[in-house]
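Those protein sequence lines, which keep their order, are chains A, B, C and D. Just so you know, we're using my numbering here: the first sequence kicks off at 1 and counts up by one. Just so you know, we're using my numbering here: the second sequence kicks off at 1001 and counts up by one. Just so you know, we're using my numbering here: the third sequence kicks off at 2001 and counts up by one. Just so you know, we're using my numbering here: the fourth sequence kicks off at 3001 and counts up by one.
If you are wondering where the hints come from, they were derived from the structure by calculation, not from laboratory data. What you are looking at is a predicted structure, and each value in this text was computed from that prediction instead of being measured. Please note: incorrect hints may appear among the correct ones.
What the hints assert, rightly or not - Taking CB as the label site, the calculated pair distances span:
{"id": "1", "chain 1": "C", "residue 1": "Lys2337", "chain 2": "D", "residue 2": "Lys3002", "range": "56 to 66 Å"}
{"id": "2", "chain 1": "B", "residue 1": "Asp1375", "chain 2": "A", "residue 2": "Arg46", "range": "47 to 57 Å"}
{"id": "3", "chain 1": "C", "residue 1": "Arg2186", "chain 2": "A", "residue 2": "Glu173", "range": "54 to 64 Å"}
{"id": "4", "chain 1": "C", "residue 1": "Tyr2299", "chain 2": "D", "residue 2": "Asp3285", "range": "12 to 22 Å"}
{"id": "5", "chain 1": "B", "residue 1": "Asp1146", "chain 2": "A", "residue 2": "Glu173", "range": "41 to 51 Å"}
{"id": "6", "chain 1": "C", "residue 1": "Asp2285", "chain 2": "A", "residue 2": "Arg272", "range": "50 to 60 Å"}
{"id": "7", "chain 1": "A", "residue 1": "Asp265", "chain 2": "C", "residue 2": "Ala2179", "range": "52 to 62 Å"}
{"id": "8", "chain 1": "B", "residue 1": "Gly1174", "chain 2": "A", "residue 2": "Glu61", "range": "51 to 61 Å"}
{"id": "9", "chain 1": "B", "residue 1": "Ala1301", "chain 2": "C", "residue 2": "Glu2238", "range": "39 to 49 Å"}
{"id": "10", "chain 1": "C", "residue 1": "Gly2240", "chain 2": "A", "residue 2": "Asp373", "range": "42 to 52 Å"}
{"id": "11", "chain 1": "C", "residue 1": "Arg2186", "chain 2": "A", "residue 2": "Lys185", "range": "51 to 61 Å"}
{"id": "12", "chain 1": "D", "residue 1": "Gly3152", "chain 2": "B", "residue 2": "Trp1180", "range": "42 to 52 Å"}
{"id": "13", "chain 1": "C", "residue 1": "Tyr2299", "chain 2": "D", "residue 2": "Asp3073", "range": "25 to 35 Å"}
By construction, the Cβ of each residue, glycine as well, lies at the ideal position given by its N, Cα and C atoms.
Protein chains: 4
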Amino acid sequence: MKLRYGMVGGGEGAFIGAVHRTAAAIAGNWELTAGAFSASPDKARRSAAAIGVARGYDSWEEMLAREAALPADTRIQAVAIVTPNFLHAPVAIAAMEAGFDVICDKPVAESLEAARAIADAARRTGRRIAITHTYTGYPLVKQARDLVAGAGAVRRVMVKYTQDWLSRAADLEGNKQAAWRTDPKRSGEGGATGDIGTHAFNLVEFITGRRVKSLCAELGALPGRTLDDDASALLRLEGGAKGMLACSQVCVGDANDLQISVYCDELGLHWRQEQPNTLRVGRRDRPEELWHAGSNRAYLAADIRAIQRTPGGHPEGYLEAFANIYQAFGAELLTGKAADGAPGYATMDDAIACMKFIHAAKQSSDAGAVWVDLDTL
Amino acid sequence: MKLRYGMVGGGEGAFIGAVHRTAAAIAGNWELTAGAFSASPDKARRSAAAIGVARGYDSWEEMLAREAALPADTRIQAVAIVTPNFLHAPVAIAAMEAGFDVICDKPVAESLEAARAIADAARRTGRRIAITHTYTGYPLVKQARDLVAGAGAVRRVMVKYTQDWLSRAADLEGNKQAAWRTDPKRSGEGGATGDIGTHAFNLVEFITGRRVKSLCAELGALPGRTLDDDASALLRLEGGAKGMLACSQVCVGDANDLQISVYCDELGLHWRQEQPNTLRVGRRDRPEELWHAGSNRAYLAADIRAIQRTPGGHPEGYLEAFANIYQAFGAELLTGKAADGAPGYATMDDAIACMKFIHAAKQSSDAGAVWVDLDTL
Amino acid sequence: MKLRYGMVGGGEGAFIGAVHRTAAAIAGNWELTAGAFSASPDKARRSAAAIGVARGYDSWEEMLAREAALPADTRIQAVAIVTPNFLHAPVAIAAMEAGFDVICDKPVAESLEAARAIADAARRTGRRIAITHTYTGYPLVKQARDLVAGAGAVRRVMVKYTQDWLSRAADLEGNKQAAWRTDPKRSGEGGATGDIGTHAFNLVEFITGRRVKSLCAELGALPGRTLDDDASALLRLEGGAKGMLACSQVCVGDANDLQISVYCDELGLHWRQEQPNTLRVGRRDRPEELWHAGSNRAYLAADIRAIQRTPGGHPEGYLEAFANIYQAFGAELLTGKAADGAPGYATMDDAIACMKFIHAAKQSSDAGAVWVDLDTL
Amino acid sequence: MKLRYGMVGGGEGAFIGAVHRTAAAIAGNWELTAGAFSASPDKARRSAAAIGVARGYDSWEEMLAREAALPADTRIQAVAIVTPNFLHAPVAIAAMEAGFDVICDKPVAESLEAARAIADAARRTGRRIAITHTYTGYPLVKQARDLVAGAGAVRRVMVKYTQDWLSRAADLEGNKQAAWRTDPKRSGEGGATGDIGTHAFNLVEFITGRRVKSLCAELGALPGRTLDDDASALLRLEGGAKGMLACSQVCVGDANDLQISVYCDELGLHWRQEQPNTLRVGRRDRPEELWHAGSNRAYLAADIRAIQRTPGGHPEGYLEAFANIYQAFGAELLTGKAADGAPGYATMDDAIACMKFIHAAKQSSDAGAVWVDLDTL
């Protein structure tokens, strides 16, 4: 049995909507049944036809209202939100109030306040919500977390996430993706920090199992830009680990270069998103190890083997990582019970930590790169 | 609009069936509508339920007969064959005779004769057939072919495809995948040569655009095995290029290590399936180049950009490569016309060349590793 | 003709002395003629015999005095200083005052004051001095500098230098190398910052051609240690570039992992010391490039080809990089004139910048990781 | 104490002579005392002056005669031969007859007969001779041999050695290195097979500890060339292992790309000369291992640690590998006794096996690529 879902956003000219739909198709336990694919009714209709969804609506409000009125075995069960950031909160809250569970792209909202409003709505309505921090869907990222958990104290974390698609001043012109991401009204207060820094930040917290307590950040932007397109930060984590985070969309030559190194008492590990099927693990006085992905790799944890679709040497990638998030959340919604251990998706707590990161980074940088405590936000 | 298809094989305990289904789901232009998922009616029914296919049949004969009797807008339009090799020919021929197009796993049949019978049936019935030589579905493999086409004479090709899943004598016990692949009755005369050597061989012909004319091969097997599990071959290609091919399922430590190097007058290029999103290109007196995959990479050919789902740095993998084959063949079937240029899948000519490889390799090895001309087969 | 030199330090149990001697032998224009290889006369004599140096002295004071008294065509012409840091300044100053040129290991001294005293002595005596910041001796590091010089503004620099040889509390026991490096009296105020952070810092300034203006640093150490063994810093460079620097000797699994990335308006480049013969260069919308070392690589600058001993594909390493420093300084001393362009070694200005880095990092960290301006030191 | 040696060849315009001299300098136990650096007396004298050798002779005959007449504590003890191949045998034989030990570049001679004459001379005179098969001097190549020795039967070996410096027809013009290497009178019957194929062949025998028994080879050359510039071969080894060997000097984009993979019952290992400080080791159902070079790597065999000059992460390269051969042979000559275990250099037995390879490869190819048994040569 598949979970029926409706999508908000993701029509013509969008990028991440198609990714969500393909991820859901790979997951295999979701079925796209309805959609309000654009804020423009015309585009919404054309998109529904192109995508092949019968129940295409002119607006998300219409979708929520009309779907809620359908019989229980027909109407959608969940809503996937793939709009620009500023619409996440109103849609998510309305969807939950209308009785639907929610899966939402990151960052969860355009501001910390909006994120908290979503969390309140979830508590109030009892609905579930998952945030698609894609990179934690990779099997070897989960394996990294397992390895760190058994490796003593975390000492040092270094994460970078660099791209070059905004590296020229002219990159904002005529690019729908760039337009909303660099517009504070639609994106929120974070530029690169919100768009990709949150992924890097979330990855740090996910793999270490520790929250970042405070940071000292310096943001920058090419002339003429309102939001940051480049950021550096020092981090202090729970338990005493130190960290460094860089995110930038103006690093020439880099496509989607998310890399993380975590050093613990007993080992150091290294993962690079562009080569996601290999995890490098170093130990003192021993040959370095390359842990490879694959459903049949006996040395991987059983639950990590189980989320892979192919045996070793058959590379899975970004879409499969994304699918793992859909699959985990879908299974939870279909069965009504959470998996053992950590959920296979980012929770509202994770998402709010990311919003604090965006806010603290800006606050820190505006004050000349001073330390800001995330607990005070 | 999606192409309705029925699957033969791919039920409980199978590997490649699920890969085909996921690939079709990613492709987006196929819809699994029917299936005869096992030779055992019980398993077939259980599998249909588990997969969520309403029109599950007890046998492929039943499926062909009953689907053919359905209205044109309801019945399946194509059949996907994912059985052990010896069933490919009877199913494919019957399917085409019943009016269905066919997509079939490789090698196309258990023998050269059976392959030729399929080709005859295709000519006779006018139906189309695609063989899923997965690795030619990778975007950078296509880019490699484009680069080679403009690089002068091909001088040397080196390809290896090594695995270790049969590296222990005991690996044949209790392993359904191993059982049929090492049984001449179900697999045909090729062991590793048929299962993976054909992929390597096809990749050579695909990237170079040249057929292999003759070979000198030496096959081996662990004690007690009937079919080869290891092979080495020298190749001579049309146009004078020399080649070397190795395939083995007893190479300890290797998962699915398909690597190819092609040297031409103007460049040398190198691709490794386990890192499929990078193509290394060397030229005389110039920095080496790494060509990266991505739908937005301006330096890739337009038709190669078009088959990718994500921009640079978001890795696609094996399932997406497989999906590209489904997508191309599906588009051809839905529109009734082939794409410009080379088809996006292996044709019967390609598949028959692979069958000649299997046969010639065995013939050569049996005679003490002497040269065999493929044209004479 | 070779330059006769005497060595101070580098006897039994030492590490870097043998490196200097081998580097000088590879350079080919130096001849080890004298030495005071240990502070202990016994060890000094035993070491001279083992090394095969006829004019072994009991102390560096004796060496300077007696060599100065020899005929001009016999006595040493330069002194190589490979002692623990605190002896650099007294030896260097006395050597220059005795009429000898000096080549000295890094960091140039145990304190900024001592470094300035060396610089004063050089100015006063007119002698020349080179500091062996090894990593700038690598051909591709020089090529990186050339590429950056023509690539527009520098935007971002990220450098890390991580090791694990002090990663356990017990690593200080019974290890001569560890003992002096972690003793403020002999090492100075920097631990990891002085031992390896200075290399990372110097590499940033060398490749970018820009000085670091200010930094915000956080140092750490395992319990019971006086000097830092781990540091993170944000950097601000002349011209507006932002930087991040990490150095650590407690990063488990890392041997000598110095990596640098520099992003400019026109390109990004990446170099890793453990794979020193490849420089990765990324440009917008073009295949990534791998620049390879080799005396015959036509695409490398002529002066960079000239310092290599072997053609492409014959890897040179750490000792050859070190030899390049000896060779450049030796040629300058033998001919009496500097090469065109930048010197092939670190100057006192470079070395003093490194000393400011050590001092500023500690000052910043002691104050809670606040910004410190290096110009004020 | 150092071993005094004289060099034959290696003057102006030569390549490998300088490599030998630098290797000897790094080794530290050799001292270049005499030389006949060219067949042209003028060049010989100029080269001696440039190199800084006092006892420069006009011819090798003169050097042998006059050195032999010097007092025992003054005259050279060994001769290093770095001439084109056809001179190896006359010089080596004369040198041994004059009472000198010999270190000789590879291939040991221009023909199998000449090689046997050298071996006869060594037996007759009781002198020692080492052949510089450089690549076996790499520490991790020795470690590979150790690992293979404990890994059960060898199953498969794959080696390639590819370059591109002769990839254009015009490459023979005006290139001294190319001129003699492609001239049968000076090089012998092997082109690429002799120049680099012998390295690949020797590496196979060294790492596996097994001789090649027979081969089937196909040679090729660009139009207008007398000697092969490209070769492919199937190999059969003692003990049943199968092998493949490729060597070529017309593979565009490759500099000095020697790679070897050896698969045994218990593991597979992979080494690439251009990245010589890493050895990749795969085992069934375990993370892949990267063994790294370094004098302090506890997991390396003690005798392998001992031949390295720097700790982990400080890359050594081609010259250091070469130096290891000089160092081992020098120590043997100075002490008069061989090291325990395998010698640290290629012996005449190894060298004769290489000569058989050249001869058999040509014989096989001339007959249409048929099998040739090396024992019959």
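Now for the hints, and whether the structure bears them out:
1. At about 33 Å, the beta-carbon gap between lysine 2337 of chain C and lysine 3002 of chain D misses the expected band of 56 to 66 Å.
2. Evaluation of the 47 to 57 Å hint for aspartate 1375 of chain B and arginine 46 of chain A yields a pass: the beta carbon distance comes to about 54 Å.
3. The beta-carbon spacing between arginine 2186 of chain C and glutamate 173 of chain A, approximately 59 Å, falls within the hinted interval of 54 to 64 Å.
4. At roughly 44 Å, the beta-carbon separation of tyrosine 2299 of chain C and aspartate 3285 of chain D lies outside the given 12 to 22 Å, and the hint is violated.
5. The hinted range of 41 to 51 Å is not satisfied by aspartate 1146 of chain B and glutamate 173 of chain A, whose Cβ atoms lie roughly 31 Å apart.
6. Under the hint 50 to 60 Å, the C-beta atoms of aspartate 2285 of chain C and arginine 272 of chain A, about 22 Å apart, miss the expected range.
7. Separated by about 23 Å at the C-beta atoms, aspartate 265 of chain A and alanine 2179 of chain C break the suggested range of 52 to 62 Å.
8. Restraint check, glycine 1174 of chain B to glutamate 61 of chain A: a C-beta distance of roughly 57 Å satisfies the suggested window 51 to 61 Å.
9. Against the hinted window of 39 to 49 Å, the Cβ-Cβ separation of alanine 1301 of chain B and glutamate 2238 of chain C comes to about 43 Å, which satisfies the hint.
10. Hint check: glycine 2240 of chain C to aspartate 373 of chain A, Cβ distance near 29 Å, so the stated range 42 to 52 Å is violated.
11. For the hinted restraint 51 to 61 Å between arginine 2186 of chain C and lysine 185 of chain A, the CB-CB distance of approximately 60 Å keeps it satisfied.
12. Checked against the given bound of 42 to 52 Å, the beta carbons of glycine 3152 of chain D and tryptophan 1180 of chain B, roughly 28 Å apart, lie outside it.
13. At about 51 Å, the CB distance of tyrosine 2299 of chain C to aspartate 3073 of chain D disagrees with the hint of 25 to 35 Å.
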